[in-house]
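From first to last, the protein sequence lines are chains A and B. Per UniProt numbering, residue 1 is the first one in the first sequence, and the count goes up by one each step. Per UniProt numbering, residue 1 is the first one in the second sequence, and the count goes up by one each step.
Please note: incorrect hints may appear among the correct ones.
Claimed, not checked - To give a feel for the contact side, a few chain B residues facing chain A, derived at Cβ under 10 Å: (1) 57; (2) 118; (3) 200.
Said to hold, decoys possible - Here's a subset of chain A near chain B, in silico, CB distances under 10 Å, partners left out: (4) 444; (5) 551; (6) 554; (7) 580; (8) 621; (9) 624; (10) 626.
None of these hints come from the bench; they were simulated from the model. Don't be surprised by glycine CBs; every beta carbon is placed ideally from N, CA and C.
Here is what each chain is made of, one letter per residue.
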Amino acid sequence: MFPIIFLMGFPLVAGLAIAAAPDAETRGRWVRLSVALIALVSVLLALSSMGEAPRFFALGEGTQHGFDLAITAASLALALVLLYFCRRIRPREWYIPVLILLQTGLMLAVEFAAEHPEVEHALYVDSFSALMALIIGGVGGLICIHAIRYMQDYQAHAEGISDRRPAFFFMLFLFLGAMFGIVFANHLLWLFFFWEVTTLCSFWLISYSGTEEAVRNGFRALGLNLVGGVAFAGALVWLTMGPGLHTWELDRLVDAGSTLALIPAVLIAVAGLAKSAQLPFSSWLLGAMVAPTPISALLHSSTMVKAGVFLLVKLAPVFHGTFAGFSLSLIGGVTFLVTSLIAVNQRNAKLVLAYSTIANLGLIVMCAGIGTTATLWAAILLILFHAVAKALLFLGVGTTEHLIGSRDIEDMEGLVYRHPTMAAMLLVGVLGMFLAPFGMLLSKYTCFQAFLTVDVMPGAGVLLAAILAFGSAPTLFFWSKWMGKLVAVPRSAPSPEPKIPRDEWIALVSLTVVTYVACALFPLADLAFVQPYTQALVDSGLIPASADRIPWETIVLMSVMLAGLFTLPLAFWLRRPQYAEVSGYLSGANVSGGASFRGAMGLERQVESRSYYLQSFIHEVPLMRYALIGSALLVILMLGAGL
Amino acid sequence: MSAYTWWLAIGFLVLGPLVGALLAGIDRILTARMQSRKGPPLLQPVYDVLKLLEKDTLVVTHLQSLYLWGFLFFMLISGFILFLGSDLLLSLFALTVSGIFLCLAAYSTNSPYSNIGSARELMLTMAYEPMLIMVALGFFLVSGSFRVSDIVQGSPWQVLQLGGILIGFLFVLTIKLRKSPFDLSASHHGHQELVKGITTDLSGTDLALVEIGHWYENVILLGWLYLFFAPWGLAVALPISIVLFFAEVLVDNTHARLTWSSALRVSWWVTVLFGVTNLLVLPLIGHSS
Numbered sequence: 001m002f003p004i005i006f007l008m009g010f011p012l013v014a015g016l017a018i019a020a021a022p023d024a025e026t027r028g029r030w031v032r033l034s035v036a037l038i039a040l041v042s043v044l045l046a047l048s049s050m051g052e053a054p055r056f057f058a059l060g061e062g063t064q065h066g067f068d069l070a071i072t073a074a075s076l077a078l079a080l081v082l083l084y085f086c087r088r089i090r091p092r093e094w095y096i097p098v099l100i101l102l103q104t105g106l107m108l109a110v111e112f113a114a115e116h117p118e119v120e121h122a123l124y125v126d127s128f129s130a131l132m133a134l135i136i137g138g139v140g141g142l143i144c145i146h147a148i149r150y151m152q153d154y155q156a157h158a159e160g161i162s163d164r165r166p167a168f169f170f171m172l173f174l175f176l177g178a179m180f181g182i183v184f185a186n187h188l189l190w191l192f193f194f195w196e197v198t199t200l201c202s203f204w205l206i207s208y209s210g211t212e213e214a215v216r217n218g219f220r221a222l223g224l225n226l227v228g229g230v231a232f233a234g235a236l237v238w239l240t241m242g243p244g245l246h247t248w249e250l251d252r253l254v255d256a257g258s259t260l261a262l263i264p265a266v267l268i269a270v271a272g273l274a275k276s277a278q279l280p281f282s283s284w285l286l287g288a289m290v291a292p293t294p295i296s297a298l299l300h301s302s303t304m305v306k307a308g309v310f311l312l313v314k315l316a317p318v319f320h321g322t323f324a325g326f327s328l329s330l331i332g333g334v335t336f337l338v339t340s341l342i343a344v345n346q347r348n349a350k351l352v353l354a355y356s357t358i359a360n361l362g363l364i365v366m367c368a369g370i371g372t373t374a375t376l377w378a379a380i381l382l383i384l385f386h387a388v389a390k391a392l393l394f395l396g397v398g399t400t401e402h403l404i405g406s407r408d409i410e411d412m413e414g415l416v417y418r419h420p421t422m423a424a425m426l427l428v429g430v431l432g433m434f435l436a437p438f439g440m441l442l443s444k445y446t447c448f449q450a451f452l453t454v455d456v457m458p459g460a461g462v463l464l465a466a467i468l469a470f471g472s473a474p475t476l477f478f479w480s481k482w483m484g485k486l487v488a489v490p491r492s493a494p495s496p497e498p499k500i501p502r503d504e505w506i507a508l509v510s511l512t513v514v515t516y517v518a519c520a521l522f523p524l525a526d527l528a529f530v531q532p533y534t535q536a537l538v539d540s541g542l543i544p545a546s547a548d549r550i551p552w553e554t555i556v557l558m559s560v561m562l563a564g565l566f567t568l569p570l571a572f573w574l575r576r577p578q579y580a581e582v583s584g585y586l587s588g589a590n591v592s593g594g595a596s597f598r599g600a601m602g603l604e605r606q607v608e609s610r611s612y613y614l615q616s617f618i619h620e621v622p623l624m625r626y627a628l629i630g631s632a633l634l635v636i637l638m639l640g641a642g643l
Numbered sequence: 001m002s003a004y005t006w007w008l009a010i011g012f013l014v015l016g017p018l019v020g021a022l023l024a025g026i027d028r029i030l031t032a033r034m035q036s037r038k039g040p041p042l043l044q045p046v047y048d049v050l051k052l053l054e055k056d057t058l059v060v061t062h063l064q065s066l067y068l069w070g071f072l073f074f075m076l077i078s079g080f081i082l083f084l085g086s087d088l089l090l091s092l093f094a095l096t097v098s099g100i101f102l103c104l105a106a107y108s109t110n111s112p113y114s115n116i117g118s119a120r121e122l123m124l125t126m127a128y129e130p131m132l133i134m135v136a137l138g139f140f141l142v143s144g145s146f147r148v149s150d151i152v153q154g155s156p157w158q159v160l161q162l163g164g165i166l167i168g169f170l171f172v173l174t175i176k177l178r179k180s181p182f183d184l185s186a187s188h189h190g191h192q193e194l195v196k197g198i199t200t201d202l203s204g205t206d207l208a209l210v211e212i213g214h215w216y217e218n219v220i221l222l223g224w225l226y227l228f229f230a231p232w233g234l235a236v237a238l239p240i241s242i243v244l245f246f247a248e249v250l251v252d253n254t255h256a257r258l259t260w261s262s263a264l265r266v267s268w269w270v271t272v273l274f275g276v277t278n279l280l281v282l283p284l285i286g287h288s289s
């Protein structure tokens with residue numbers, strides 16, 4: 001139990017110490033030290049939880065009471081802080097303080113209810129939450145290290161942005177602490193408190209620069225997450241005073257199954273959808289792009305959005321086989337399809353990454369709503385691969401931006417030749433996202449099979465599988481054309497460009513290695529973390545046992561493919577073909593290599609060619625409008641089916 | 001997996017190019033006859049490739065050969081999986097990865113013609129990919145498995161149950177075989193606006209690799225087509241699938257090229273109307289799983 005308490009409490013202490021550090025040098029050192037400690041403890045915890053059944057911890061009565069009081073006080077303080085921030089709202093954002101008051105009112109009603117359920121086990125750890133801790137501590141920690149140097153450059157370039165780096169790092173660590181809280185709390189009130197802390201942190205970090213745009217986007221994130229918060233508080237009210245199930249414990253809620261727990265589960269699902277930026281709530285995550293890159297990386301990969309899907313996956317046994325669960329899957333499906341299509345339109349690398357994050361989370365939500373062994377398996381692996389590869393890509397794009405001065409994909413042309421290391425890391429990220437035999441491919445593979453065996457209503461499974469098929473096609477298109485830009489040979493000789501700073505280099509290389517290792521050792525992660533979790537659910541009769549495991553032969557064939565990906569470049573390196581080099585074909589009218597040609601009237605003309613963004617084929621604005629309406633209707637349908 | 005399928009898979013690796021070259025040769029003769037020409041000898045594609053292998057290879061960047069190796073490697077894997085009787089979905093994924101490597105090879109040369117060719121190739125991939133997945137899903141629904149060895153032993157009625165899917169598959173087969181009206185990533189004729197599209201900057205050994213890769217691909221596609229009729233036995237199923245395969249030559253010679261946007265739109269509509277609808281009504285026409 002001590003590692004858990006450490007992981008939940010230490011980031012707060014470390015954050016305070018770092019905020020109070022005398023100078024930037026010391027601050028950097030303390031950040032590295034704290035990250036190392038957090039990562040070490042999460043690795044130890046993960047090692048000790050490998051293959052273990054879930055463990056629940058009861059605190060002594062006095063201790064628990066003390067924590068309860070502290071968390072109640074902290075919740076009130078949190079509400080006050082949020083209300084204080086609301087002094088900067090615009091008239092049209094009036095709903096934000098209203099939501100804060102509503103949520104606090106509901107919470108107080110729950111806390112001071114005449115009688116409330118007793119909590120036996122306040123904390124727990126199972127293999128899924130241990131894996132989450134590994135992601136939060138490892139990936140989140142590396143992002144913090146990347147931020148040390150990145151923020152220095154950021155502040156140097158950004159004029160008129162006040163340097164609030166001490167508070168910035170405090171918020172980063174607070175965020176990590178709250179994430180650990182979310183994955184270890186069995187006490188729903190505590191879980192809710194940590195949930196709201198992440199909302200606060202994300203709001204503050206998104207509006208970090210203090211520009212008008214950043215503040216507005218911060219408030220949008222706050223407002224949408226508060227909608228989810230109110231729904232969550234509503235679920236707690238139901239669990240305290242409602243006519244049905246009375247409990248404040250997550251495991252009992254899940255154990256109660258769909259007959260008893262569906263109403264609170266759909267309410268919490270709304271909170272999960274808001275936090276994981278699913279349609280119709282997705283706009284906040286796109287707005288979060290204004291924040292410095294480490295923040296986007298943190299929100300997109302290991303924290304925030306992962307908290308949302310974590311909870312949805314936890315509740316999956318409740319959704320299994322219900323119409324509400326199917327509606328939830330459809331919300332994920334619509335999100336997956338629409339955001340994959342829109343990502344094709346984008347030129348800004350960060351926006352491509354943002355849309356692809358939302359799309360991937362949509363895929364995870366699709367899996368959670370179905371809630372069979374196979375889909376949970378796919379969902380958890382998707383969480384793992386997405387966290388690692390997306391963090392790598394975000395930080396990679398951030399560093400590339402500092403190197404080449406642009407985050408436009410067109411400007412990344414020839415990166416393989418201009419910055420081989422940087423390009424290799426970006427390529428590993430892209431491959432990890434959608435090509436690596438053990439990444440997305442495997443999850444999609446499992447999803448198709450699992451969806452077709454869904455029998456909530458006739459045609460349901462085919463519908464989900466068709467959505468997945470149509471959504472995967474644009475994914476392939478936008479990733480491949482990005483890779484195409486990276487591998488293109490530059491038309492003119494590249495000029496020497498700056499080196500990658502050390503801290504950023506450490507974070508990027510570690511994430512690249514982790515992506516490789518996660519792909520190569522995927523069966524181990526499966527055995528150690530995923531199977532024990534699904535097996536425990538099967539053993540307690542919450543989800544049906546299923547025989548559709550991936551056969552060994554498929555695993556072997558996938559390994560051969562992965563080995564091919566590894567050895568082909570090696571073989572190429574060893575036996576490089578000796579061919580003569582020429583410049584690219586320009587109808588024989590080349591002037592200076594492949595860069596210019598002799599055009600009409602004998603003029604020398606520069607070669608320019610751009611990627612396809614299909615803007616005449618995919619119309620972003622109307623598509624998004626229909627998707628918002630459709631998904632809002634689906635949320636209502638889900639609530640209706642649950643209540 | 002039996003000894004028989006192992007032989008089949010190894011046979012694919014060894015004899016695949018030869019069969020593919022014969023298919024290409026017949027294709028060229030048929031095309032010529034439709035245009036009232038005599039046409040080249042049957043083995044002309046083989047002579048072409050042998051000549052390419054003897055020529056000097058010019059590259060824009062050395063890395064382009066690496067991407068082509070990737071193209072060929074995943075093509076071999078895809079066919080190996082198919083003929084081994086293993087997982088159809090996995091074979092499809094490998095085929096897709098292989099296509100992406102070919103695009104990367106063209107992208108890496110960064111000439112405008114290669115760029116347009118590879119962008120169009122990717123768009124066509126986006127167009128046909130959902131339909132190919134529908135084919136795999138359809139087989140799963142009728143035979144209860146993605147395994148080729150189970151699909152081959154499926155119900156003799158499966159081709160009727162999957163009628164819509166078969167129509168959709170024949171439609172996207174035109175794209176996969178780079179036939180008109182969908183030959184918009186690499187035209188057969190060097191003098192057009194695309195020059196040679198995706199293969200513009202490939203020459204000598206590199207171009208030979210692409211040709212060999214396409215031979216393999218054609219055998220794989222013929223294999224997919226065969227699966228629809230497979231329960232009727234080799235003697236019936238193979239002739240039917242070969243006839244259907246060469247029906248594409250007729251389509252090629254009777255249609256003008258489409259733009260990419262109409263190609264994309266039309267193939268997605270076909271996928272929905274024939275593919276998805278077929279899957280949805282499948283429970284009504286009765287399936288064995």
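How the hints compare with the structure:
1. Using the Cβ-Cβ criterion of 10 Å, the hint placing residue 57 (chain B) at the interface with chain A is satisfied: the shortest such distance is roughly 4 Å.
2. With a least beta-carbon distance of about 6 Å to chain A, the hint placing residue 118 (chain B) at the interface is held under the 10 Å criterion.
3. The criterion of a C-beta within 10 Å of any C-beta in chain A is met by residue 200 (chain B), whose closest approach is roughly 5 Å, and the hint holds.
4. A hinted interface residue such as residue 444 (chain A) counts as satisfied when its beta carbon comes closer than 10 Å to some beta carbon of chain B; here the least separation is about 8 Å, so the hint holds.
5. For residue 551 (chain A), the interface hint holds, since its Cβ comes within 10 Å of a Cβ in chain B; the closest pair sits about 8 Å apart.
6. The beta carbon of residue 554 (chain A) is positioned within 10 Å of a beta carbon in chain B (closest approach about 5 Å), and the interface hint is therefore held.
7. Checking residue 580 (chain A) against chain B: minimum C-beta separation of about 5 Å stays under 10 Å; hint holds.
8. Proximity of residue 621 (chain A) to chain B is violated relative to the hint, the smallest CB-CB distance being about 18 Å (cut-off 10 Å).
9. The beta carbon of residue 624 (chain A) comes no nearer than 19 Å to any beta carbon in chain B, farther than 10 Å, and the hint placing it at the interface is violated.
10. Given hint, residue 626 (chain A) at the interface with chain B, is violated; its Cβ is 17 Å from that chain's nearest Cβ, farther than 10 Å.
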